[in-house]
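> One-letter residues, chain by chain:
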Amino acid sequence: MKIAEFMNTELTRVPPDMDFATLLAKHASTGTRHTYVVDEEGRLIGVITNLDMLSKMVPSYLTSTLASSISDGGELILKRFEENKHLTAADVMQRDLVILNTDDTLIEANVRFHEGRYNAIPVVNTEGVLVGDIGRKEILRHIAADICGLPGAV
Amino acid sequence: MFWVATCIFVVCYAAIVSEKIHKTKVALAGAALTLILKVVTQEDAFHSVELGVDWNVIFLLISMMIMVNIMSKTGVFQYVAIKAAKLGRGNPFSIMVIFSVITAIASALLDNVTTVLLLAPVTLLIADELEIDPVPFLITEALASNIGGTATLIGDPPNIMIASKAGLNFMDFIVHIAPIIVLIMIVWMIIWKIVFGKRLHVSEHLKVRIMGMNEREMIKDPKLLKKSGVILGLTILGFMLHGFLHFEPATIALAGAATLLLVSGEDPHHILVEVEWPTIFFFIGLFIIIGGTVKAGMISFMSVEMIKLTAPTADNTLVLSMVMVWFSGIASAIVDNIPFVATMNPLLVEMAEKIFGGTGVDALQHAKMLPVWWALSLGACLGGNGTAIGASANVIIVGMAEKAGKPISFVRFMKYGVPVTMLTLAISTAYIYIRYYYFG
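Same order as they appear, the protein sequences are chains L and Z.
Just so you know, the working numbering puts 120 at position 120 of the first sequence, and the rest follows in order with no gaps.
Just so you know, the working numbering puts 356 at position 356 of the second sequence, and the rest follows in order with no gaps.
Do not take every clue at face value.
The calculated lysine to aspartate or glutamate pairs, modelled on EDC-like cross-linking and capped at a C-alpha distance of 16 Å, are [as the list claims (entries may be wrong)]:
#	chain 1	residue 1	chain 2	residue 2
1	L	K56	Z	E402
2	Z	K86	Z	D221
3	Z	K406	L	E40
4	Z	K207	L	D72
5	L	K79	Z	D133
6	L	K79	Z	E217
7	Z	K207	L	E75
8	Z	K403	L	E83
Derived by calculation from the structure, the hints in this document are not laboratory data.
The task is simple: from the sequences and hints, build the whole structure.
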């Protein structure tokens, strides 16, 4: 079974020069797990996760213990937003990517998730163009319903 | 063997200074070569007091790291820092002074790196809340950490090494080094008042943010805090009495660490994994390399040259002491002060034996030799303030600032570090001259 047959194709794609504020608003408003940064030909060049965006909104030095000493913290987050306004999607994205190809198999994808603890992995075709992504849930659903034949899993 | 040992020493030193290869790898490779080429035997390296690993230093370091690792889990450092900021009523300069004093005291009793690692995040948060540049505060803390660490036997690795080599005890450092460190802190803070007093001002509404912080949230484990506070207190008391009790400092520290491990309920796997093993193995490798240079005669050769240069006699070591403060200070600003002191220690032992005759405590603790050891301690510890790479605490502060988006350039660090180093070395020089030569 090839992953192209059950991957998710509804993706959020953004150009590398998208500004930080627009990116934040897009992340907050879409239901997708990741935002994919693609070039003009649709080739994948980076991934931005919700965690990447969240980590840009808190100071790097702040631990959960230290955070508990502050009564509100709204100003700190706003300050971080102002400091990051000059950033673009290319500045925020992860460049060291783990990808799957459309002809990779279910078991390869399953093992990748075990190895790297990813939430979702992008899928590209032979030209490097982003065509979909696949998450833990899709794999689990496919195993339960299509391989193990459990009717309640669909 | 002279040239083999010298080559290993020079190549390792160059590799450590270049920072192209991790210093622990260099030290262990150098130690392995020293053994393989039979510069020293394994028996020498592992069991000889003169040529081998100084286990007193190793176990003192490991034990203190264990105690600090357990104590850092209590949140007491962050509690004290926030409480202190509130005591300063949110006034930036008051906070800078109070934090410097806290850092200096903590560094005198614990290790410098842990102190700045725990206090720097609080400093960054307070600077963020006050909407001021954190860099002057962070650099001041690194400098205070190195100055405070100089005050005691356990405050900085060079002092641990010097004490072990010269047979000095905890109270020797309290009597001879701590007073000058207190004076240095006072003079430095007065100068800092002139430099920063008028520049650091914030509006009242920002100070309110500091007063609104809740320090009680920092204490995560009050029971562990009580236990570790009592055991650390007893351990420090043990250090004060170790000369009287005829225990080596490592014995006291090991007893403290073992007791705290037993009563804390902490998993030893978690605590021991946080011991800075690379530093420990760096020391072990270094001791073996230096042992090779001692056995091969290189240190003896250097001591003869040093005697020619400074012309010390059994009655007068003034020039040697003065040279030692500045030579150690400048060298430690450029290279790691640990290998520097590891080299100087056997050199001074050779010199003491040549100048005063005899061996052991009689020569090493001769009244005219003691100021030389204090000069080495002050120079090596305070010299680390000169540059961003002069001491581990500086490296940590620069790294944390960069991660927080407030990079500190090498030159910016030096703008603070060099004047403070010159000031502290000048005060140290005057102190040694007046106390040990003018009145001594």
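> Run every hint past the structure and note whether it holds.
Hints, verified against the model:
1. For the hint pairing K56/L with E402/Z, the CA-to-CA distance comes to about 15 Å; that is within 16 Å, so the pair holds.
2. The straight-line distance between the Cα atoms of K86/Z and D221/Z is roughly 22 Å, outside the 16 Å bound, and the hint therefore fails.
3. A threshold of 16 Å between alpha carbons decides the hint, and for K406/Z with E40/L the separation of about 35 Å lies outside it, so the pair is violated.
4. Under the criterion of a C-alpha separation no larger than 16 Å, the hint pairing K207/Z with D72/L is consistent with the structure, at around 15 Å.
5. Proposed proximity of K79/L and D133/Z is supported: the alpha carbons are some 14 Å apart, at most 16 Å.
6. Restraint check for K79/L and E217/Z: the C-alpha separation of about 24 Å exceeds 16 Å, so the hint is violated.
7. A threshold of 16 Å between alpha carbons decides the hint, and for K207/Z with E75/L the separation of about 14 Å falls inside it, so the pair holds.
8. In summary, the hint linking K403/Z to E83/L is supported, as the alpha carbons are separated by about 14 Å, within the 16 Å threshold.
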